Amino acid sequence: MIGCYTLFKKEMARFGKVWFQTVLSPIVTAMLYLMVFSQVLEGRVEVFDGISYTEFLIPGLLMMTVIQNAFANSSSSLIQSKTLGNLLFILVAPISTLQIFLAYTAAAVARGLIVGLGVLLIALLYVDVPVYNFGIILLFAISSSAVLGALGIIAGIWADKFDQMAAFQNFIIVPLSFLSGVFYSIHSLSGIWQTLSHFNPFLYMIDGFRYGFFGASDVPVGTSFAVVIVSLTVLSAICYRIIDTGYKLRQ
Amino acid sequence: MTTPAVSIQALHKNFGSVQALKGIDLEIEQGEFFGLLGPNGAGKSTLINALAGLTRPTSGSLKIMGYDVIANYLEARRRLGVVPQEVVFDPFFSVREALIFQSGYFGLTKNDLWVDELLDTLKLTDKADANMRSLSGGMKRRVLIAQALVHKPLVVVLDEPTAGVDVELRKSLWRFVRSLHKSGHTIVLTTHYLEEAETLCDRIAIIDHGKLITLESKQELMRRGLGQKLTVSSNSPLPDVPTELQRKIVNASEFQLELRLHREQDSVIDILDQLRAANFQIDDIGVETDSLEDIFVQLTSEQAL
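Line by line, the protein sequences are chains A and B. Heads up: the first sequence at position 147 corresponds to 146 in numbering that gives the first Met the number 0, and the numbers run straight through without jumps. Heads up: the second sequence at position 157 corresponds to 156 in numbering that gives the first Met the number 0, and the numbers run straight through without jumps.
Calculated directly from the structure, the hints in this document are not laboratory data. Only a predicted model underlies this, so the values are computations on that prediction, with no experimental measurement involved. No false leads were slipped in.
With beta-carbon atoms standing in for the labels, derived distance ranges: (1) B:127 / A:97: 29 to 35 Å; (2) A:232 / B:115: 43 to 49 Å; (3) A:132 / B:115: 49 to 55 Å; (4) A:137 / B:181: 54 to 60 Å; (5) B:216 / A:8: 42 to 48 Å; (6) A:165 / B:8: 42 to 48 Å; (7) A:163 / B:177: 42 to 48 Å; (8) A:198 / B:2: 52 to 58 Å.
With a Cα cut of at most 27 Å, we get these calculated DSSO-like pairs of lysine-lysine: (9) B:181 / B:170; (10) B:210 / A:247; (11) B:139 / A:81; (12) B:109 / A:8; (13) B:139 / A:16; (14) B:126 / A:81; (15) A:81 / B:151.
We put the beta carbon where it would ideally sit given N, CA and C, even for glycine.
Go ahead and model the full structure; you've got the sequences and the hints to work with.
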């Protein structure tokens, strides 16, 4: 397990060395969203009874930041290592497929949680956020960032060029996370859009996470958790398979 | 019988329709200094990548110290250190960080003493805390060697480690590799500098077009009968070459004659006597022993025919 732990530490050190870009910058972006949207919509929209729009917005924004950063961590690390050729140092080492998967995923989860915690701390200066069940909050934060960490591994291995990675991020990750009910309740959407939203796995991550704060959600929390766990299982299996077969890594 | 350091059997590797390796069988004994030679695109790097687990063979088997590189990859990799041909590095870290991380990948947590020793031997101590990006090409290459050795592997593979390296560094690298060999490591070397293989290696394999053309000790390879080239010059025009020497002529001009001699069958003294007997006024002679390079060129061109 030392190899796995070292790889995890290396991944942590990698984003730690550029924390301005990897930690501070997403926190600032999330705060800008919070300031602008709460300024414009506060008092005009009430999604859950007795909960202000700003309070409603914070968990969604938090989760969006957590999952986007979890994805960015594993995907950018892998594509950089592949492009620069230094992935070789890991590929020649006696680190098993499972250990490689765990190290990259755990580092992605860690970055997601660190950035999320940063957003939460600053948001708390802005408004009081209720906590209904901290365990559920943590459970959704960890499992959802693991899903995106695994997806990041797949994207990082699949993409041959940085623009393919940018396409994956800008045409899949960002739209799905924006359209997952971060800024609104899906109940406010009309028929077809509401139905379509149910096919977006990010909806369940954000909705379940929000349940941990308010004890209220659009989808039953058990369903959300089941969707997240199924996604994690499927993506982990794909990750394991592509690392194990050496797809695009070991020619 | 001891386990071979490297054992390769019926190794094939195809990239699409291109056959990079066409059935390589090769055994390298423990403690050997082994040379792997071949022109560009011959399949040397593919072979080394297959050993290191960086490329999956289409068929065949590869073992390091008896451990299969796929079925038993953890054990095989613990015994192998690979210095890649391309200079690669992680721009996020310093030299020492890179070596400590690499040690950790191999399960070693307290490796500082050995890392310090490597830094010292490879003259990197001054740069230990410098970021990898700030290093010169030669230094980066030395770090690559250190990274391959953090776990003291029994088998060390160097894939053209001196390509593009200046003479001074090349010499110091070879001193270091020799000392590794003396301390019991099996060394597998690919190089374009044939004189390196000639001076360093005990046994040499030549591959071309994905096939093993020859696998012999350096002495056997050198004895392949190519022999020597005798050049005879004169200040006055040379007479006709005696009939019995005609077939040995490589080049003949008015004042100079070049003959190819068989290393074992011909004697330079006898040939000179024959020439003098034929009224040759010899003012200067030159004898050049064929190098490994000549043998290499001949073998690979034979293959191309």
